[in-house]
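There are 2 protein chains.
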Amino acid sequence: MRIVIVGGVAAGMSAASRALRHDPKAEVVVFERGEWISYGACGLPYVLGGDVEDWQALVARTPAQMRSRGVGVRLGHEVTGVDAGAAQITVLDRATGRTTTEPYDRLLLATGVSAILPDWARTDLAGVHVLRDIPDGQAIEKSLAGAKRVCIVGGGYIGIELAEAFRARGLSVVMLEKAEFVAGRVLDAEYRGRVQAELERNGVEVRLGVSVEGLTGKAGRVTGVQTDAGLVRADLVIVAIGVKPNVELAKAAGVRLGKTGAVAVNAAQQTSVAGIYAAGDNCQSLHRVTRRQVHVPLGLTANRMGRVAGVNMAGGSAKFLGIVGTGIFKVFGLGAARTGLTQAEAEALGLHAASVDVSSTDHAGYYHDASPIHVRLTAEKGTGRLLGAQLVGCRESIKRVDVVAALLHGRGNVQDLAETDLAYAPPFSSVWDVLLVAADRLGREVRKG
Amino acid sequence: MRIVIVGGVAAGMSAASRALRHDPKAEVVVFERGEWISYGACGLPYVLGGDVEDWQALVARTPAQMRSRGVGVRLGHEVTGVDAGAAQITVLDRATGRTTTEPYDRLLLATGVSAILPDWARTDLAGVHVLRDIPDGQAIEKSLAGAKRVCIVGGGYIGIELAEAFRARGLSVVMLEKAEFVAGRVLDAEYRGRVQAELERNGVEVRLGVSVEGLTGKAGRVTGVQTDAGLVRADLVIVAIGVKPNVELAKAAGVRLGKTGAVAVNAAQQTSVAGIYAAGDNCQSLHRVTRRQVHVPLGLTANRMGRVAGVNMAGGSAKFLGIVGTGIFKVFGLGAARTGLTQAEAEALGLHAASVDVSSTDHAGYYHDASPIHVRLTAEKGTGRLLGAQLVGCRESIKRVDVVAALLHGRGNVQDLAETDLAYAPPFSSVWDVLLVAADRLGREVRKG
Chain A
1 MRIVIVGGVA
11 AGMSAASRAL
21 RHDPKAEVVV
31 FERGEWISYG
41 ACGLPYVLGG
51 DVEDWQALVA
61 RTPAQMRSRG
71 VGVRLGHEVT
81 GVDAGAAQIT
91 VLDRATGRTT
101 TEPYDRLLLA
111 TGVSAILPDW
121 ARTDLAGVHV
131 LRDIPDGQAI
141 EKSLAGAKRV
151 CIVGGGYIGI
161 ELAEAFRARG
171 LSVVMLEKAE
181 FVAGRVLDAE
191 YRGRVQAELE
201 RNGVEVRLGV
211 SVEGLTGKAG
221 RVTGVQTDAG
231 LVRADLVIVA
241 IGVKPNVELA
251 KAAGVRLGKT
261 GAVAVNAAQQ
271 TSVAGIYAAG
281 DNCQSLHRVT
291 RRQVHVPLGL
301 TANRMGRVAG
311 VNMAGGSAKF
321 LGIVGTGIFK
331 VFGLGAARTG
341 LTQAEAEALG
351 LHAASVDVSS
361 TDHAGYYHDA
371 SPIHVRLTAE
381 KGTGRLLGAQ
391 LVGCRESIKR
401 VDVVAALLHG
411 RGNVQDLAET
421 DLAYAPPFSS
431 VWDVLLVAAD
441 RLGREVRKG
Chain B
1 MRIVIVGGVA
11 AGMSAASRAL
21 RHDPKAEVVV
31 FERGEWISYG
41 ACGLPYVLGG
51 DVEDWQALVA
61 RTPAQMRSRG
71 VGVRLGHEVT
81 GVDAGAAQIT
91 VLDRATGRTT
101 TEPYDRLLLA
111 TGVSAILPDW
121 ARTDLAGVHV
131 LRDIPDGQAI
141 EKSLAGAKRV
151 CIVGGGYIGI
161 ELAEAFRARG
171 LSVVMLEKAE
181 FVAGRVLDAE
191 YRGRVQAELE
201 RNGVEVRLGV
211 SVEGLTGKAG
221 RVTGVQTDAG
231 LVRADLVIVA
241 IGVKPNVELA
251 KAAGVRLGKT
261 GAVAVNAAQQ
271 TSVAGIYAAG
281 DNCQSLHRVT
291 RRQVHVPLGL
301 TANRMGRVAG
311 VNMAGGSAKF
321 LGIVGTGIFK
331 VFGLGAARTG
341 LTQAEAEALG
351 LHAASVDVSS
361 TDHAGYYHDA
371 SPIHVRLTAE
381 KGTGRLLGAQ
391 LVGCRESIKR
401 VDVVAALLHG
411 RGNVQDLAET
421 DLAYAPPFSS
431 VWDVLLVAAD
441 RLGREVRKG
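Just so you know, the sequences run in chain order A and B. Here the first sequence is numbered in full-length UniProt numbering, starting from 1 and rising by one per residue. Here the second sequence is numbered in full-length UniProt numbering, starting from 1 and rising by one per residue.
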C-alpha cells in the first residue's frame with residue numbers, strides 16, 4: 001500500500017502519522033513544495049510579535065523525526081499534476097528542475113489555502129507581504145528592518161493578530177478594511193465593536209469603509225497605499241483580505257469541488273474520485289448546526305480531517321463529522337470567541353433566532369482582578385435549540401465558548417446549558433457563571449415565541 | 001399566598017427572589033437566625049486571605065435591597081419548630097427572647113449545613129474556630145491578632161483554601177489530616193498528590209494519617225493540638241473536617257430524610273410533607289451520572305435548588321434535574337477541578353471504568369507562559385460513556401472541566417468529546433486541546449474492552 005500525500009503542514013502530516021499508526025507496513029510519502037513541514041501556522045503572527053521564540057519553535061516534528069518514524073518526506077517537491085486513471089502524480093523537484101512521476105494507491109490532497117492577492121497587490125515593490133507560511137513570516141521579519149509604519153489591509157483574524165504583533169515591535173499601525181467593521185464574518189456588530197475598540201485603545205489606527213486602489217513606491221520599496229479615501233503612507237504593507245483554497249490539483253484530477261469553491265469530501269475525507277482523499281484547509285466541511293457545507297479553514301479542523309483521511313487511506317474506518325463553527329482570537333488584552341452561528345448568520349439562513357447579551361465578570365466580582373466578560377447567546381425561538389455564542393473578554397475566560405460548542409454537537413437546547421453543573425469557586429467564576437445567566441435569560445426569551 | 005422561608009443565605013434568598021418574580025402578589029417572608037443574608041459563603045476564606053476587600057463585599061443583596069423588592073426579611077429570628085398539621089412555625093426573636101407563631105401556605109427549609117464538631121473541639125478555649133458563615137470569619141479575623149501558627153484540622157476544600165489565606169497573612173500553617181491524603185473525596189490519588197505538593201511548595205506543613213485527640217491551652221487560649229503523633233503547637237486552630245446538614249426542623253416537621261442524612265426532595269424541591277419544600281445544602285440531590293441521591297453541598301447547587309423551589313412555591317413549574325458532581329478549588333498557584341466520578345468512585349460503584357492521564361500545556365507550548373495542565377478522563381469500558389474528569393493546572397485553565405460537565409448532562413460518550421469543535425488559537429490552547437488528546441486516547445482504551 002503506497003500512500004502519497006501532497007502537502008506536509010497540518011492535515012498532511014496528521015494523515016501521515018495516523019496512516020502509519022494504523023498500518024505500520026504502509027509506505028507513506030509526503031511531497032512538500034516548501035522546506036518546512038509539520039508546523040503550527042496559527043503561531044506565525046506570534047513569532048513576529050515576539051511571543052514565540054523563533055520559527056523553529058512552531059515545528060511540531062522535523063523532517064528527520066518524521067523520517068525516523070518511517071514517513072518519506074520530500075521537501076522542495078511540488079506536485080504539478082495528477083493522473084487519476086493511471087494512479088500517478090507528476091512531481092517537480094524544485095532544486096533540480098527535474099520532473100518525475102510517482103505512483104500511488106491512495107492519494108491525499110492536503111494543499112491548503114493561499115492568500116487572496118488582488119491586482120493591486122501583484123507588485124515587484126519590496127515591503128508588500130502576505131502571511132501564510134514560515135517563509136512569508138521570514139520575509140516580513142526581514143522587511144521589518146528599518147520599517148516604521150505598517151499598513152494592514154484587511155481586518156480579519158490575521159490582520160488583527162498582526163496588528164498586535166507590529167505594535168509590540170513598536171511600529172505605527174494602520175488597518176484598512178473595506179467593510180464598515182473589523183472581524184466582520186466572525187462576530188455580530190456589538191462584539192466587533194469591542195474588538196475595534198481594543199485595537200484603537202492599543203494605538204492601531206482603524207480605517208473602515210476604505211477601498212484600496214493601488215500602491216506607491218520609491219526605489220523599489222513600497223511607500224504607501226492609495227485608497228478611495230486618499231493615500232496612506234506605509235513602508236510595510238500586509239495583504240490579509242482572505243484566503244482561497246488551493247484546488248488546482250483537485251481540478252486536474254477531476255475531483256468535484258463544492259459550492260464554496262473548496263474540495264467536496266464525504267465524512268471519510270474521500271473525494272469524488274476513487275482513491276483520492278482530501279483534507280485540510282482546501283476542503284469544505286459539514287457545519288453541524290446548519291447541516292450545510294462550509295469552507296472554514298482552521299487549524300484544528302485541518303488536523304482532524306488529516307487524521308481521518310490517514311486512518312481511512314490505511315484501510316481503517318474513521319469519520320469526520322464536521323464543525324460547529326468555533327473560532328477564537330486574541331486582540332491585545334482581550335480575546336474574542338464564537339461558536340455556532342451569530343444572530344446575523346442565523347437570520348441570513350432564515351432561522352427564527354433570538355439572542356441575549358450578558359455582561360458579567362470572569363470570576364466572582366468581589367474577588368480581586370475580576371475582569372469583564374461579555375456573552376451573546378443565540379437560540380431558536382420556540383424550540384430553544386442552541387444556535388451559537390459569542391464571547392469577548394479577558395484572555396482565557398472566553399474558552400467558556402467550548403461549553404456551548406460541546407452542546408451544539410449534541411444539538412442541545414438552551415435549557416441544557418441553563419442546567420449544566422458548571423464549576424464554581426470565587427477565583428474561577430461567579431456563582432451564576434455568565435453562560436448560565438445568559439441561558440436563563442435566553443430560555444425565557446425563546447419561550448415567548 | 002404566604003411563602004415562608006427559613007434561612008436567608010443562598011437557597012433561601014434565591015427562592016425568595018424567584019417566588020416574587022413568579023407571583024408578585026405573594027407574601028414572601030424570610031427568617032434568618034443570623035444578621036447576614038444573601039452572601040457568597042464560598043468567598044469566606046478569601047476575605048481572610050485579603051483577596052476580597054471585606055465581609056460586606058460578599059453580600060449580593062442587603063436586607064434593605066431585599067425589602068425594597070418586597071421580601072420580608074426578619075434577621076435574628078430563629079425558627080425553632082414546625083407544625084405541619086397547623087401549617088405554622090415557631091419563631092424565636094433572639095434579641096427579645098420572645099417566641100411567636102407564624103402561619104404559612106408554603107414553607108421552605110433552607111437551613112444549610114453546620115461544621116462537624118468532634119468532642120475535642122467542644123471547648124471554651126479561645127482561638128478554636130470553624131468557618132461556615134460571616135460571624136465565624138469575623139471571629140477568626142479577631143483571633144488572628146497576635147497569632148503566629150495555625151493548625152488546620154482537615155484537608156478538604158475549606159482547609160486548603162484557608163491554608164492559602166493564612167500563608168498570605170504570613171502565618172506558619174500546619175495541616176492535619178486523618179487520611180493518608182488531602183482533598184480525599186474529591187480527586188484520585190495522583191491528583192491529590194499534586195495538590196499536596198502545591199501546599200508544601202508554599203510552606204504548608206502537611207501531616208497525614210494523624211488523629212486529633214485533644215487541645216492544650218493556657219490562660220483560656222489554645223496552645224496546641226494533641227494528636228496520636230504528638231503535640232502540634234498552634235495559637236489558632238481551625239476545625240474543617242466536614243459538614244452535616246441541618247435537619248432538625250425537617251425532622252420536627254416529619255419530613256423524610258434520605259440515606260445520606262440530608263433532606264430528601266423531588267425534582268420540584270418538595271419534601272415528603274405537603275406544603276413543605278427544601279433547598280440548599282441541607283438537601284440531597286440527584287447525581288445524574290450514577291442516578292443516585294448524594295449530598296454534595298455546593299453554592300451553585302444551593303442557588304439552583306432555591307430558584308426551583310421559589311418558582312414552585314409561587315405556583316409555577318420548575319425542576320432541578322440534579323448535578324453531575326462538578327467541583328473546583330484553588331490552591332495557591334494551582335487549581336483543581338473534577339466532574340462526574342473519579343476512577344475510585346466509579347470502581348466503588350461497580351462500574352467498569354477506564355481512565356487516561358494526559359499532561360499538556362494550557363495553551364500552545366511554543367507561546368510564552370505556557371503552563372502545565374494535567375487531566376484524567378474516565379469512561380466506561382466497552383460503551384465509552386463518559387464518567388468524569390479531573391484537572392489540575394494553572395488557575396483558569398481548569399475551567400475546561402465545564403466542557404466535560406456539559407457532556408455528562410447529556411450522557412455523552414468519549415467519542416463526543418473527541419469530536420467537539422473546541423476553540424483553538426495559540427494563546428488559548430494547543431491545537432489538540434488536552435481534553436481532545438485525553439478523549440482520543442481514552443476512546444482507544446475503552447474500545448479494547
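Honestly, I wouldn't trust all of these hints.
For identical chains, the list gives no copy identity; a pair is met inside one copy or between any two copies.
In silico SDA-like cross-links for lysine to any residue, where the CA-CA straight-line distance does not exceed 20 Å [said to hold, decoys possible]: (1) 319 / 445; (2) 178 / 190; (3) 448 / 21; (4) 251 / 294; (5) 244 / 103; (6) 259 / 217; (7) 259 / 332; (8) 244 / 296; (9) 142 / 125; (10) 319 / 210; (11) 319 / 447; (12) 448 / 23; (13) 178 / 215.
In short, the hints are calculated from the structure, not lab data.
**OP:** Report the numbers of all earlier hints that the structure fails to satisfy, in ascending order.
**Re:** Failing hints, ascending: 5, 6, 7, 10.
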